[in-house]
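Student: Here's the letter readout for the chains.
There are 2 protein chains.
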Amino acid sequence: MTVREPLTYRDAGVDLEAAAVTKRRLRELVESTRTEAVQSGFGSFGGRLAVGGEEIVTSADGVGTKLEVAIRSGRHDTVGEDLVNHCVNDILAEGATPLAFLDYFACGELDPDVAVEVVRGVARGCRSNGCALLGGETAEMPGFYSPGAYDLAGFILGRMAFREVAARDLRAGDSLLGLESSGIHTNGFSFVRQVLFERLGLEAADPWPGLGVPVADVLLRVHRSYLEVLRRACEQGRIRALAHVTGGGIPGNLGRILPAEIDAIVDIESWAPPPEFRFLAEQSGAPPEEMYRVFNMGIGMIAVVSPEDLDAVEAAIRESGCGTVRCGRLVEGSGRVRMPGADAVP
Amino acid sequence: MTVREPLTYRDAGVDLEAAAVTKRRLRELVESTRTEAVQSGFGSFGGRLAVGGEEIVTSADGVGTKLEVAIRSGRHDTVGEDLVNHCVNDILAEGATPLAFLDYFACGELDPDVAVEVVRGVARGCRSNGCALLGGETAEMPGFYSPGAYDLAGFILGRMAFREVAARDLRAGDSLLGLESSGIHTNGFSFVRQVLFERLGLEAADPWPGLGVPVADVLLRVHRSYLEVLRRACEQGRIRALAHVTGGGIPGNLGRILPAEIDAIVDIESWAPPPEFRFLAEQSGAPPEEMYRVFNMGIGMIAVVSPEDLDAVEAAIRESGCGTVRCGRLVEGSGRVRMPGADAVP
Chain Y
47 MTVREPLTYR DAGVDLEAAA VTKRRLRELV ESTRTEAVQS GFGSFGGRLA VGGEEIVTSA
107 DGVGTKLEVA IRSGRHDTVG EDLVNHCVND ILAEGATPLA FLDYFACGEL DPDVAVEVVR
167 GVARGCRSNG CALLGGETAE MPGFYSPGAY DLAGFILGRM AFREVAARDL RAGDSLLGLE
227 SSGIHTNGFS FVRQVLFERL GLEAADPWPG LGVPVADVLL RVHRSYLEVL RRACEQGRIR
287 ALAHVTGGGI PGNLGRILPA EIDAIVDIES WAPPPEFRFL AEQSGAPPEE MYRVFNMGIG
347 MIAVVSPEDL DAVEAAIRES GCGTVRCGRL VEGSGRVRMP GADAVP
Chain H
47 MTVREPLTYR DAGVDLEAAA VTKRRLRELV ESTRTEAVQS GFGSFGGRLA VGGEEIVTSA
107 DGVGTKLEVA IRSGRHDTVG EDLVNHCVND ILAEGATPLA FLDYFACGEL DPDVAVEVVR
167 GVARGCRSNG CALLGGETAE MPGFYSPGAY DLAGFILGRM AFREVAARDL RAGDSLLGLE
227 SSGIHTNGFS FVRQVLFERL GLEAADPWPG LGVPVADVLL RVHRSYLEVL RRACEQGRIR
287 ALAHVTGGGI PGNLGRILPA EIDAIVDIES WAPPPEFRFL AEQSGAPPEE MYRVFNMGIG
347 MIAVVSPEDL DAVEAAIRES GCGTVRCGRL VEGSGRVRMP GADAVP
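Protein sequences, first through last, are from chains Y and H.
FYI, the numbering used here numbers position 50 of the first sequence as 96, with every residue one higher than the one before it.
FYI, the numbering used here numbers position 248 of the second sequence as 294, with every residue one higher than the one before it.
Calculated from the structure, these hints are not laboratory results.
Don't take each hint at face value.
Because identical chains share one entry, a pair is satisfied inside a single copy or across any pair of copies.
Said to hold, decoys possible - Each computed DMTMM-like pair below joins lysine to aspartate or glutamate, with the alpha-carbon atoms no more than 20 Å apart:
id, residue 1, residue 2
1, 69, 215
2, 69, 157
3, 69, 226
4, 69, 183
Bound-form chain Y, shown alone (with noise of 0.2 Å):
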């Protein structure tokens, strides 16, 4: 494969047929487990459960393969709160707030000094979040990691907060409001690594080329919780619907909480992409469609706001300390995620 040939997910390692094929056959499964308490569909971002009066939120999450640039790096102590947060979010999209987390961390050959400076950051992101670290497994399992390999997964656990972020009343003519993500957060490392490490030959320490920091630096900025930023805006009422830009992009993640009558139109031109999306673009030779569903492109969540509602969330958002971008509005259509100039099928 030469340099420039460009370069897909598929050939980075992952499969995303495979997986929608999976996500498919799963679902026959998980509703013969359903229980009268469930109150989630299939594939939403938190499942929520009724528990006597109250409404439990939960969600199941690793890190994927960010963990390969701690490793490299030998940084260990992000991760964790990369994960806290990667949930918290996927709560909040569906209004909920945190209040415990487990952790579940394997490896081959357990190195005590790593396992806690992992858990070091899933403490740090649970603090930081006002959630509690509830409990944990640590698993040593000869042979099924490569060497110096470990997994990190966690469980997230909340109490519905925010009734109409879970109610996700969506209307033509509603606004995208789009929060700044802090950079390429938990997804998309799969790609990232071919481009960065296979590709360039890069090393963890390397300067990311052009922008003068080392290339762990960049990818080891801990993904957003948009938890405070966002709670004010919820708790007013004003937010709609939140989509957590996660694996699948905008395109993938927007599309879980369209109504079936609702298209969302999104323009990529209202924002521009932060540098180190457009070197992996440059780099990979990725078609525009490829790379927004692969990375958040610099847009971590998306919020839903009524048009009256825009000017006060944003500055809401703003005085939080994260930046926001006015990038689409909801049509009528039939639940589909248009994006002019970076659409799967045009």
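Based on these hints, arrange chain H on the given structure of chain Y.
Tutor: Frame of chain Y; chain H shown alone:
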């Protein structure tokens, strides 16, 4: 290494000392995240959380290297059930009945057939315990896992149902009632595979020597759920505490529930370990104190029962189809588990 040199868990690649060191160092991190809602201490079978008027109990676990047996035999639909039952038993030991489960499946290359079989087992386990499969994550992580290997972890969420079990009001004179396991359950498999696959060169399809049943059939017997077995006695308030016998064996897990002023005396002569454990002891040359720390040795759960309730509890459990053994008692002491004939420190 010759076949008759005694095998230790450490030889099998599992460093219990590293695990203990890690656990001690994690304690402070975990406690730094504590919130007012947390009801449990570090190192319990499950984390307890007050949510509104409810008490939620959670636990995280993995299948561990039992997965290797599934992978070697190409039989992927039972390990998920092991995992659910394991988690169900953990929160039962905290007094809770299950509500929901979330799974995390990770691999190097996603084979939808394998992933679906794995989740089929998870879903079966959920249905049989009345628990909803509320979410999950499927991760493809090229380069992290050995070829063909995958990992499976799970998170359970339950609701406090049996306050007496949670209260652990243990007294000198109480009886220990052992509940039979279905086999090796879900721990000690790094030891198992070292003996069977490495030392003896057996294959998953070979007959287990002396049993005439394929090795895989013996090893993949599903971890028993004690939920229905114990429900009636728990509802009647006749169970003072439960210890789920997993990694660490009887001494490790019974020790977790003892108050500081009580010892447990376990009479290992009161039951005969099933043949698979005797075979593993013979072939590994491991001394009893090692065997009883690595394996459940035929007892998967221990109930603490007051002597006057013992007949009724035993009858209820046996009626539900689970064998029992009166395996010991509590005496005044210092929080130690004493197992004459199998004590680590005689």
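Student: With reference to the structure, classify each hint as holding or not holding.
Tutor: Here is what the structure says about each hint:
| no. | hint | verdict |
| --- | --- | --- |
| 1 | 69 x 215 | neither (26 Å within a copy, 46 Å between copies) |
| 2 | 69 x 157 | between (34 Å within a copy, 12 Å between copies) |
| 3 | 69 x 226 | neither (29 Å within a copy, 37 Å between copies) |
| 4 | 69 x 183 | between (26 Å within a copy, 10 Å between copies) |
In the structure shown, a violation is registered for the earlier hints numbered 1 and 3, in ascending order.
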